[in-house]
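So the chains spell out like this:
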Amino acid sequence: MTAVDATAGGSDPYRLGHDQESPTRQRTLGHADRGLVSKRIVTAFGFWIFLLSDIIMFSAFFAAYAVLVGETAGGPSGRELFNLNNVGIETAALLLSSFTVGLAGIGARAQSGSWFYGAMTATFILGAVFLSIELREFASMIARGAGPTRSAFLSAFFTLVGCHGLHITVGLLWLLTIMAQVLAKGYRADILRRILCFGLFWHALDIIWVGIFTVVYLMGVAL
Amino acid sequence: MFGKLSWAAIPFDQPIPLIAGSIVIFVVLAVIAWIVLSGHLPYLWREWVTSVDHKRIGVMYVLLGLVMLLRGFIDAIMMRSQQAFAYRTPGYLPPEHYDQIFSAHGTIMIFFGAMPLVIGLMNFVVPLQLGVRDVAFPTLNSVGFWLTATGALLVNLSLVIGEFSRAGWLPYPPLSELTYSPGVGVDYYLWALEISGVGTLLAGINLITTILKLHAPGMTYMRMPMFCWTALASNLLIVAAFPILTATLTMLVLDRYFGFHFFTNEAGGNMMMFVNLIWAWGHPEVYILVLPAFGVFSEVVSTFSRRPLFGYRSMVAATMAICIISFTVWLHHFFTMGGGADVNAMFGIASMIIAVPTGVKIFNWLFTMYGGRIVYSTPMLWAIGFMVTFVIGGMTGVLLAMPPADFVLHESLFLVAHFHNVIIGSVLFGAFAGYAYWFPKAFGFRLHEGLGKAAFWLTLVGFYVVFVPLYIAGLSGMTRRLQHFDVAAWRPWILIAAIGILIMACAAACQIAQLVVSIRQREALRDQTGDPWNGRSLEWATPSPPPAFNFAVLPNVRGEEAYWGMKQRALEQAKLGEEPAYVDIEMPRNSPTGFVCAFFATFMGFALIWHIWWMVGLAALGAYATFVVFAWRDKDEYIIPAETVARIDRVNRSARNAVLARHEGAP
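As you go down the protein sequences, you meet chains A and B in turn.
If you read the first sequence in our numbering, its first letter stands for residue 153, the second for the next number, and so on.
If you read the second sequence in our numbering, its first letter stands for residue 860, the second for the next number, and so on.
Worth double-checking, as some hints may not be accurate.
Keeping only pairs whose Cα atoms sit at most 25 Å apart, straight-line, the calculated BS3-like set for lysine-lysine is [said to hold, decoys possible]:
(1) B:K1072 <-> A:K191
(2) A:K191 <-> A:K337
(3) A:K337 <-> B:K1494
(4) A:K191 <-> B:K1494
(5) B:K1072 <-> B:K1494
Since the hints were made in silico from the structure, they are not lab data.
With the hints as extra help, turn the sequences into a complete structure.
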């Protein structure tokens, strides 16, 4: 079999699979007619898909938490453990850091060193404040005998909230790496794309935190 | 210093794994020694290991899949022969070893056999069919592949160091909890899958972005070849389902390593939550594997029936319907949970509904063949064998979807026969069809037809001889995973199944012989034109094998079956289009990032399995350093000058012109 018999049996008299170049189809050409899209769009799109997958991972931890929230095994429940004042400060710090990371993105695009470094530093400090309050909360719970091994509820709590905290930690490391990179290499196109992705990552962590704040803390205290 | 690792981990007292492991180590060392001594190492490093070319990565995925398929098949032979011997005797495999074998068989076949085959085919074919030069994130693609290879390595390491899981291919707690599985077997399973799961997720993200964002001009969604559509659906499922697997396995890790209580018997743990979560991933996983196989069959059936795919739009709709419905049926894997009649009825009906779009596909393939001039080549034989086998498997599936019937057949060999019927019939046949169909594209020569057909017939016959008796044994009450049994009525069926596995072993031998013979006869089997099957989609517009940049100039797509349209125009006008103006092409540079990442991931996985904490820290540091080094590089692309592009493309054009001239010469 070679391409010599290229026309053998190639007919499609009823045009069953074909709809070639019919006038109605031209309208649907839309996006692809512009050819290849820019790298910035492709990178950000791919990173969004990653963030969606990350959110699905969190949703599994949320589901586990919802199933196990009542399984305190005679141990403390959320109402006895959660301190809404601390959580309020955490939330404020994180939401504010979303604003500052937005500023950092604008600063980078404007190639303004003071705005970029200033806003990134502010984001780092706010993230670190969030993280230290969370770690103190965890430490005090463990000291009171309410660690993750105490009950299924606490296992689910530490995993869900801890996973978010781990993401924040990784984010802070990433933030420092990007700052070092801008310092060393300047505002190159690929670095600007990374700053864009970091911004998306940081905002996504905010979205997840809103879910944790509501489902874990507010509902936990109310229940 | 070395955590739980000591000399006791090497199974000196168990001859079978020791000998098998020694042979594998010997073969691997011999291959490495041969590569180094014959001076192929620089070539291998430059052209394959560090390659970010989607075609090379696709080929490596398929190679990994084929090797692991063989490994899983050896497990299958051991299980069938053990049961054939173990009638009122203990057989030759002790229970703790037999349990490891069936766990390893399932794990390896799904995660390291079927998944790499399917992802490899998608990686190789999708950019070519879309008319683009690479995937969206080439280096990430390499990372994904090497992480998958890390997982496969860890699973196989368990053969010689320590043990593998005895808890089945899905480690249901509480059996998989530390209390009942104190060894490292489950840990091998968990870390191998956590690491390779990340690799699979990266591949999924990459291919979705490629399909949705990168096209040749004019390649709209409704002009994409069917394989691209099924690849899109499959990768959407990967991104939506694999995070659930990662999360679920992480919970089990936390239970085992830090005494959490997600799935334990005490302190409020809920083991049915594991079963629900794992199947919320596990059922979509079935469709992750099968949808690309459907895509392969769509391409193969249309090419070898010499007709366009019947009902392209209904095929697209059916694919996307399966993509969504596959998330609503997971509970049919455990109707016996006690969810109640309403819950079971809901999931039973959903499971039957998913047979509808699948049926649409079967009819579309049949109507494509109807009235066509069918060429019975090896890929087409696999496709026809699939249609018959898969319909039978689908019907037993609809039977099992009825909760009352499922209560009786649950965990029986009937179930085992059913899922092998659908997975072998679709995924394996599809992978082999795709392998035979695209092999000439990848390597420039066709596979030996005679041996390919022999492999097909032996596989088909062997498959029925193995699994029809298992259906019957299952209906007579034989449960799965029996190390030995003493019911006389089951014995004949188990013996027939053992004969069947011998037939399948002959089929495997034919496959290997086919590859060897084809390589030796490659000059006679050479594909001169790049279009050996008279194909219809854009991959056949490139020479075989395609150059690194795939297309010298991105093709201008004017309708469905882009290449068929071009070919018809060229034949009508008896010449190719004008030679295009060639320009420089930017291509991504090779990068060892993927390999280095996997190197550290292997050490990290191994250290986590054996609780060697300092090594975990060191490997994490190494992974971070790799990330920084990669981020720091200044040049990520290289230029292929226009003259080189022109030189390569002119060869392709002259080959095609020769075909046109011969065609003109003939009446």
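Is K1072 of chain B close enough to K191 of chain A, meaning Cα to Cα at most 25 Å?
Roughly 10 Å separates the two Cα atoms, so the pair holds.
Against the 25 Å threshold, does the CA-CA distance of K191 of chain A and K1494 of chain B hold or violate the hint?
Holds. K191 of chain A to K1494 of chain B sits at ~15 Å (cutoff 25 Å).
Mind checking the alpha carbons of K337 of chain A and K1494 of chain B for me, to see if they're no more than 25 Å apart?
12 Å, holds
If you draw a straight line from the CA of K1072 of chain B to the CA of K1494 of chain B, is it 25 Å or shorter?
OK: K1072 of chain B and K1494 of chain B at ~24 Å, within 25 Å.
Given the hinted pair K191 of chain A and K337 of chain A, is their Cα-Cα distance within 25 Å?
Satisfied, since the Cα-Cα distance of roughly 19 Å is no more than 25 Å.
Hint check: no violations occur; every hint is consistent with the structure.
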